[in-house]
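So you can see what is in the structure, the chains are spelled out below.
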Amino acid sequence: MADPIIRMVDIEKHFGSVIALAGVTLEVFSGECHCLLGDNGAGKSTFIKTMSGVHKPTAGEIFFEGKIMNFVNPRDAINAGIATVYQDLAMIPLMSVSRNFFMGNEPLKRIAGISFFDHQFANRVTMEEMRKMGINLRGPDQAVGTLSGGERQTVAISRAVYFGAKVLILDEPTSALGVRQTANVLATIDKVRKQGIAVVFITHNVRHAMAVGDRFTVLNRGKTLGTAERGKITPEELQDLMAGGQEMVELEGSLGGTV
Amino acid sequence: MSTTAQAQTPADERVKEISAFRKALIRPELGGICGTIIVFAFFLLFAHDSGMFNSQGVINWSVVSAQFTIIAVGACLLMIAGEFDLSVGSMIGFAGMMIAIFSATMDWPVWLAIITTFALCISLGALNGFIVIRTGLPSFIVTLAFLFILRGFTIYFPQLIERKTIIGGIKDISANDWLAPVFGGKILTGFFQWLGEIGAIATFERGNLAGKPVVDGIPMLIVWAIALVIFGHVLLTKTRFGNWIFASGGDAQAARYVGVPVNRVKILMFMFTAFCATVFATCQVMEFGSAGADRGLLKEFEAIIAVVIGGALLTGGYGSVIGAALGALIFGVVQQGLFFAGVESSLFRVFLGVLLLMAVILNTYIRRMITGER
Ligand SMILES: Nc1ncnc2c1ncn2[C@@H]1O[C@H](COP(=O)(O)OP(=O)(O)OP(=O)(O)O)[C@@H](O)[C@H]1O
Ligand SMILES: [Mg+2]
Chain A
1 MADPIIRMVD IEKHFGSVIA LAGVTLEVFS GECHCLLGDN GAGKSTFIKT MSGVHKPTAG
61 EIFFEGKIMN FVNPRDAINA GIATVYQDLA MIPLMSVSRN FFMGNEPLKR IAGISFFDHQ
121 FANRVTMEEM RKMGINLRGP DQAVGTLSGG ERQTVAISRA VYFGAKVLIL DEPTSALGVR
181 QTANVLATID KVRKQGIAVV FITHNVRHAM AVGDRFTVLN RGKTLGTAER GKITPEELQD
241 LMAGGQEMVE LEGSLGGTV
Chain B
1 MSTTAQAQTP ADERVKEISA FRKALIRPEL GGICGTIIVF AFFLLFAHDS GMFNSQGVIN
61 WSVVSAQFTI IAVGACLLMI AGEFDLSVGS MIGFAGMMIA IFSATMDWPV WLAIITTFAL
121 CISLGALNGF IVIRTGLPSF IVTLAFLFIL RGFTIYFPQL IERKTIIGGI KDISANDWLA
181 PVFGGKILTG FFQWLGEIGA IATFERGNLA GKPVVDGIPM LIVWAIALVI FGHVLLTKTR
241 FGNWIFASGG DAQAARYVGV PVNRVKILMF MFTAFCATVF ATCQVMEFGS AGADRGLLKE
301 FEAIIAVVIG GALLTGGYGS VIGAALGALI FGVVQQGLFF AGVESSLFRV FLGVLLLMAV
361 ILNTYIRRMI TGER
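Going line by line, the protein sequences match chains A and B. Take the first sequence: its letters are residues 1 to 259, numbered as in the numbering used here. Take the second sequence: its letters are residues 1 to 374, numbered as in the numbering used here.
Chain A on its own, in the form it takes in the complex (with noise of 0.2 Å):
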């Protein structure tokens, strides 16, 4: 396989006196799903926001397409090409679709040497990427807000491929989502991947991760074990992983084997 697009190595991430990252080590490369998975506060999401420049690491090094990178803010990684979605901040409900899905990127004409917000562009183009990932809009200029979870996420998705994505990062995208709704998330991620993006997809839950991940990261109070990949992994190897191994047993026994 060719070199890594991004590689962050040895990343560590101190708030004051917790500890969230303790010298982290992850590569993604184009094309795969890599799922990031881990219980709460195992630093899933203090992870992924340094990738995404919200956060800048205590320590450690990231490099996206061989180089170094130092992100000062969202922007440059924005720029740079990855693209986050996040779980409940992707979308501002009060906004017609087109108006988010070009937020931050709104397309120009100019009009007597004044540039003009491109609202024809803005909603053709909107109807068009959501018309391809299955979603029938009311119009271009429905509210965020009338749209179901899933349908909020995959626009999102959809947005962040528009504006030509090398990373996608998605912070656990199907955890407040029914079943035909995750259902629909993961196939978009499948779509995805398929067009040659990497996606670093976080989730709690491991047969959505099992379902559409090539490699699989478990962090665990801030730390990680390493990497497994498709089939030399089993979903209950997983499951123990992210529980921290030991206690995971004994409740798994005291449940029955439902968890």
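Since the hints were made in silico from the structure, they are not lab data. Honestly, I wouldn't trust all of these hints.
[Claimed, not checked] Rough simulated footprint, nothing fancy, chain A against chain B, three-plus residues with beta-carbon under 8 Å:
#, segment
1, 218-231
2, 336-350
[To be verified] To list a few chain B residues with every Cβ distance to chain A over 12 Å, as calculated:
#, residue
3, 56
4, 80
5, 176
6, 234
7, 369
Every residue gets a Cβ at the ideal spot worked out from N, C-alpha and C, and that includes glycine.
Chain A is already provided as a structure; the job is to place chain B with the ligands on it using the hints.
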């Protein structure tokens, strides 16, 4: 687009067709539009013979509405960007007083006094915004502090310098100034003279104004109001910056994540609000020829009420400049209309309160339909 059946995605069976009429109706300004119709219908019915709808009457309530409009445009954009400015009224008093002090007391040319005041007030707006952004405090609190600070200075300075709270004499010194007419002048005077001559509008019959039309032009105040509404509306709905205003107020964090310069947007909107307040103050000083320490009292609330009648959401991210202008129009027409109708002026407040409540209830209902808010 192709019209063959298979070329189109199948219609979603769960999306109800919405008629074009309903779609045209469901808009943020609907509350304002209904209010305007009701108010005009009301006064046409009950005060049509009071002089409210002759040329003088029209100018009368237009001027009052224009005053509300000027500050409502600023308040509207700021509210959509997610912030408040409670110091608008004090800023009006302060700006007027500074113009008076610079020109009448310190003998600066009037144009220099106006330009300096604009620079000063816009900087104060920026300071408001800067403090809000830096401290993360609600703008409600920060600008409340400025409400007192600016009002305090507005009373203190003239007392310190001239031992009074009103500074006058600006009419004379601004007579030959090049900038003063931009705020205190009138346009289309020739047109109105002609209207008077052909008898389309009434003319004075006696006195030294005999033969002159009763309305001799459109005050610049109205021109400013219209210009600001057009500017604000185009900025908000037709430009990239407008999208950033919505985004900053809708969810600042989400906007930041996609690279919208939220802090810059908010500070600029504070500056624009201060600009609008200064336009108001300058027009007022040029018209009256004086500045008083109590000018602009409670204007911030009137601006906010106009904006809310116009359909804006108090928590930001949603609203319309046209709506705010309609809110201001309603405000002005009701205030002056009740005066024309000879109704006790205290009833103005009752009427206004009822109107505010009705508009807000209607707006909330419409907004829920549009945004799917629950
Ligand atoms: N801004 C912050 N300031 C202080 N501590 C923080 C901050 N952000 C995260 N932490 C701490 O870092 C640790 C890791 O948090 P993080 O949000 O990365 O977990 P997570 O793996 O995403 O969990 P979840 O599955 O619940 O989303 C937690 O103990 C959290 O309290
Ligand atoms: Mg998280």
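Mind listing which of the numbered hints don't hold for this structure, in increasing order?
1, 2, 4, 6, 7
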